[in-house]
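Combine both chains into one complex, guided by the hints.
Line order of the protein sequences matches chains A and B. The opening residue of the first sequence carries number 93 in our numbering; numbering runs sequentially from there. The opening residue of the second sequence carries number 63 in our numbering; numbering runs sequentially from there.
Be aware that one or more of the hints could be misleading.
[Unchecked claim] Covered stretches of chain A (in silico footprint by chain B; criterion: 3 or more residues with CB under 8 Å from a CB of chain B, positions within the stretch not fixed):
id, stretch
1, 134-147
2, 217-226
3, 265-274
4, 278-292
5, 301-314
6, 359-370
7, 522-535
[As the list claims (entries may be wrong)] Each computed DSBU-like pair below joins lysine-lysine, with the alpha-carbon atoms no more than 30 Å apart:
id, chain 1, residue 1, chain 2, residue 2
8, A, Lys343, A, Lys400
9, A, Lys107, A, Lys186
10, B, Lys69, A, Lys343
11, A, Lys107, A, Lys343
12, A, Lys252, B, Lys69
13, A, Lys179, A, Lys343
14, B, Lys283, A, Lys179
15, B, Lys69, A, Lys186
16, A, Lys186, A, Lys252
17, A, Lys483, A, Lys413
18, A, Lys179, A, Lys476
19, B, Lys283, B, Lys241
[Said to hold, decoys possible] Sample of chain B residues with no beta-carbon within 12 Å of chain A, all distances over it, derived:
id, residue
20, Asp166
21, Asn172
22, Thr176
23, Lys250
24, Ala253
25, Lys256
None of these hints come from the bench; they were simulated from the model. Every value quoted in this text rests on a predicted model; they were computed, and no experiment measured them. Every residue, glycine too, gets a C-beta built ideally from N, C-alpha and C.
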Amino acid sequence: MQSNAALEYDYSLAKKFTFLTILFGFLGMLVGTLIAAQMAFPELNYLLGEYGTFSRLRPIHTNTVVFGFTVSGIFATWFYLGQRVLKVSMAESKFLMVLGNIQFWLYFIGALLATISLLFGVSSSKEYAQYEWPFDIVVVIIWVLWGVNMMGLIGIRREKALYISVWYYLACFLGIAMLYLFNNMAIPTYFVSGGLGSPLHSVSMYAGTNDALVQWWYGHNAVAFGFTVPIVGMIYYFLPKESGQAIYSYKLSLLSFWGLMFVYLWAGSHHLLWSTVPDWMQTMGSAFSVVLILPSWGSAINMLLTMKGEWNQLTDNPLIKFMVLASTFYMLSTIEGPIQAIRSVNAIAHFTDWIPGHVHDGVLGWVVFMIMASIFHMAPRMFKREIYSKKLMESQFWLQTTAVVLYFTSMWIAGITQGMMWRAVDEYGNLMYSFIDTVTVLHPYYAIRALSGVMYLIGFIMFAYNIYKTMTSGKELTEEPQFRTPMA
Amino acid sequence: MFHWLEKNPFYFAAAISIVISFAGLIEIVPNFAQSGKPLVGMKPRTVLELAGKNVYMKDNCMACHSQMIRPFKSETDRYGDYSLSGEYAFDRPFLWGSKRTGPDLHRIGNYRTTDWHEAHMLNPPKIVPGSIMPAYDHQFENEADLETAYAEAVTVKNVFHTPYGPAFHRGQEAWDAHKSKVLEDAKKIAADMKDERVKAMIAEGKVPEVVALIAYMNSLK
Ligand code: HEM
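Excised from the complex, chain B in its bound form (with noise of 0.2 Å):
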């Protein structure tokens, strides 16, 4: 048979197709529906919160980052509860991470507070000595794109029924409505911060990159 094979090239690229797509077809597709069921009562994230997400995600944090507490009693102790399947059901994608050069974050929510985060991201080895995590000067200029986690809030509601409620419609009518609710919540965070160059941001209507992303890191819980 496998002579033969080797001599029918087209047959030979069908038998690799077939055995190699066995395993995701086994593995993969069974728990699908089950695996991602939100946890009883849980809310999506804000758009503040989604803009502060993707902050994460253009800083790349994961990279030294992880957010998946293991059920060991060293990494409960130091983190919190370990994670939870439905915990991670809004999350596309998901942002584990596969590498801890600084520590879990998934619960960070609830032991370090916004004017902590604030001098930390400025220059973490003023506030813990010797941690080699760079300062994050830039998030303190950059404004956050609000628009486009506002897009994404309205797609996974389109698309994927992530319970966002009747607002959140398409275009920029619906987007500048909600607009004025956004500045609110980044006030709020603003208003434990202390960097000049953040108060003028805020007072003009734009929300810095760090803002969102520590009410990111806040709701984190």
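The shape of chain A in the complex, shown without the other chains (with noise of 0.2 Å):
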């Protein structure tokens, strides 16, 4: 893994991509922070009438994040480091250059209408897959155009062997593909009744239980594919570049990479226990869950020892705070996630705020610190100049892990509260709460959740600044930094 220094590497898609990863991320995250404080403070919801409600901005949220930034980050960090692991500019190639410009457009204007369609109330209903039909084409089209590009670089690239975070890349590619495609797969009304209402609407392929199976193997692997596999994919490049250190074993990255792919479909169903799905598949649900905590923590484990004996650079140098903080909340969300599947935690778990706990566990402690901490290896090297603060890194890398302790704090115990009140019964067998008594109590921890969202927009705007001024204002880089990122 030395660095070409012979190769002029084209860093002019990847930046376009680490521009809209943070438009995105700030954009999604101020939604995620309002609504959060709109469960505290219902009267936030009226500041944009119709359009403003929790109900019409939560998928704005989840969408934003997921299909935004998310994925722009995986885009940014791909045209950033497949061109290196695979010795070959894009430059090289005209028409990879113009498809990849292609599909920034096509996305960016993709994005925003599929935006401005959920605001207001075009959607198919699905998590993370609410988009109607003809957004859907257009993600099909701009993930094809992506897919194209990979294996355009692929095929021309000069270092035979494929570095372990090109067959994660790949994996998303492959995986987001059958998912979104056989998920979304819907009619739409206007041309079967002969013309009639709106050519947006359309109805599921599936039905009731079977729509709702397949909307879970393909939400459960959504987050597989988007939020874990390329996320890994980027730990094991960036990591060993910006530690100088080799990483610790390539037969655990075979058997966390093949495990991972094999087990984490099958996992899907734990998100309908106790539901109308036949029994049998809600066991393997919830057994699959289990075992996919070896090839999670396979990973992580791999990360963490390739920090052996090098500890030291954990306290000097922030980037690397920032990735093994990212590992730790990986593993902390790959365990309680089997936790909440098995059947008699799922029962309490279910339907309550520790899923979102959960969830923001994960993504705001190990996605976003991750895509965060890519983005900051890469800037010197895009825009040859020193990063702008190391000082400003490390107060927002202590304000964001504050932020996300106190999230998933809160929620936790929002969750189980919600959770036991709902089936607590007094001494005859009646139920003991109303609903509403369950929703008041969890007041003071809405309200701790959205200042905890406050913290980390904050700490994110801060990275957003930070990274602004480094490509305005930093020191001139005369040659590309090795292995640690130089900062002022």
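And the structure:
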């Protein structure tokens, strides 16, 4: 993994997608903070009339952070590290460059239009698949463009063996393609009914219990192939690059990769425990969820052991802090998920705030931290300037870490309180609480979560500012840094 | 073998595809026909109810409400009989939800009435102090999209053979003929409501979103 000084890589696409990552990250978390505040202070539902209610904004939050922020981050890092591990510059192929630019603009415009459509309530309602059919088609085109670009670059590579990160990006592409296609199968009503009603409306190909199964096979694995697989791909590249350490074990990488590929998809039905889905599927979902700990922890442990003997870097390089904390949060949420998938635990946890608690220790602690760390690492190499401020980075790290801890602890308590109150009975076996009691009791936790959102958002703004200053007034570098990212 | 795969991207991609397809094939496919069966004698939703379901989706009530009563005593005491697979057989998409910020609504039609819903949708905390549910005042002004709901009924009838009976033909004429039936249904709901805006719209032959939504909620039993 030495850097190849002779090759000039072309970072124009990586830069463009980095800007989008920051833009969508900011917007998505702004809306996240707003909806968090609405749950504590419902008056905030009426800021934008019909368009500002919690229920309209929630899908905007989820879709903007998933398909806006995270996917841009995946594209940005791919267009940076893809060239470097394959030892070929994007500029060597005009075709790939043009394709990449079409992908960028289509993606940017498509994302804006799709967000507006959600604001107007045009939604097919399945979680993380709310976009109606015309937008689904745009998503598929963008995804195929990226796939062609990736395969193209692999086709003209100089380095014959595919580095571990490439395995993960490939899997991300293939997995999402399969899942998205099957789950979004729908029939536009306008055409079948002879031109009646809204051209945007459609009905799902699947009904009831089947629809639920397909949806959560998708929903769970969209998390797998969007929030886990590509992010692991990032850390396999950026941690060794930043620390100057080789990956601890190739065998462990192999085991974790193929293990993850095989096991992950079985676990989707853990979203449907105690529902009307056949029992044996629920059991499979539970069992495979527990097995999933192995490949997940395999990657995380591989990362931590990569730092063996080099732990001093943790104290003096904030970037290493971000990455090590990210792996740690990855371990936390991949042990928490399987616990929630145990049937008896799920009976209490499902439908409660513990689930968003789990989601966010994963996304805030792992996904966002890792994407920000990647951008911090890439920035001096893309812009040929030193990082503007190490101090700012340190404060951002502590502010956001505190925010994540506040978020998940408050939601753990809220969720378990709620779950226990719903089922609590008095000595005669009657329910003890009316539903509204279980709502009002959560107010303080919702308020703490809203506060954590504000803190996390401020941290993200500090990050954006640091990157902006790096681009515009960081000290210029004469030569590309080898390992550790230079910062002022 | 792994070293070889890592040098042959095409086979590498093929290997990933095979490994990740297993689960879906084995878990989802076998029970597909079985899980799709409706309860005996179950009728599909009327056009007004479908329009209400679409309002439910447009305002995304699933963000806070489930429609899935699990087989625990604490749930059947609170909400009624536990849910059965067949009850959902005509639901495209399924609307089970995944978060209960508010209570389950799968059998709401058994214990709440039109006038209760009307007052509640206008101002939840006034009816249930401490509620964090938003008010949906705009549903009293926006017109429900009945034509799209009709198009949906025609589509599921033609494509999935949902038993809508011999009527429900394609095209503008068929819809014009059916529309009066939908307005009839809407009038019955509106008769139990007080809001002036609702009365005025119904008098003009239009149906506000909230009327369709309440028709839908009343049908959830
Ligand atoms: C400032 C940071 C953030 C705040 C304050 C925040 C807040 C929220 C809130 C209030 C909800 C709704 C929970 C509910 O319905 O009870 C939510 C849902 C969700 N958020 Fe965030 N969020 C933030 C950042 C993120 C990021 C960065 C991601 C992903 C990269 C993310 C992914 C999700 C997902 C997937 C859900 C749906 C969870 C579920 O269905 O259980 N969030 N968020």
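#### Entry: Within 8 Å of chain B (C-beta), three or more residues of the stretch 359-370 of chain A
holds (count 8)
### Query
Within a Cα-Cα threshold of 30 Å, do A/Lys107 and A/Lys186 meet the stated pairing?
18 Å, holds
### 30 Å Cα cutoff - pair B/Lys69, A/Lys343
17 Å, holds
### Query
Are there at least three residues in the stretch 265-274 of chain A whose beta carbon sits under 8 Å from a beta carbon of chain B?
Since 4 is at least three, the answer is holds.
### Least C-beta distance between B/Asn172 and chain A, which was stated to exceed 12 Å
Since the minimum Cβ distance to chain A is about 15 Å, B/Asn172 lies beyond 12 Å and the statement holds.
### Task
Report holds or violated for chain B covering the stretch 217-226 of chain A, Cβ cut-off 8 Å, minimum 3 residues.
Satisfied; 3 residues make the cut.
### Query
Do at least three Cβ atoms from the stretch 278-292 of chain A come closer than 8 Å to Cβ atoms of chain B?
holds (count 10)
### Given hint A/Lys179 paired with B/Lys283 - CA-CA distance at most 30 Å
Status violated; Cα separation ~63 Å.
### Query
Given the proposed pairing of A/Lys179 with A/Lys476, does the C-alpha separation stay at or below 30 Å?
20 Å, holds
### Task
Verify the proposed pairing of B/Lys69 with A/Lys186, using a straight-line Cα cut of 30 Å.
It holds: about 25 Å lies between the C-alpha atoms, which stays within 30 Å.
### Message
Does A/Lys413 sit within 30 Å of A/Lys483, going by the straight-line distance between their CA atoms?
### Response
13 Å, holds
### Task
Could you grab the alpha-carbon distance between A/Lys252 and B/Lys69 and see if it respects the 30 Å cut-off?
Satisfied, since the Cα-Cα distance of roughly 6 Å is no more than 30 Å.
Figure legend: structure checked against the earlier numbered hints; hints not met, in rising order: 11, 14 and 20.
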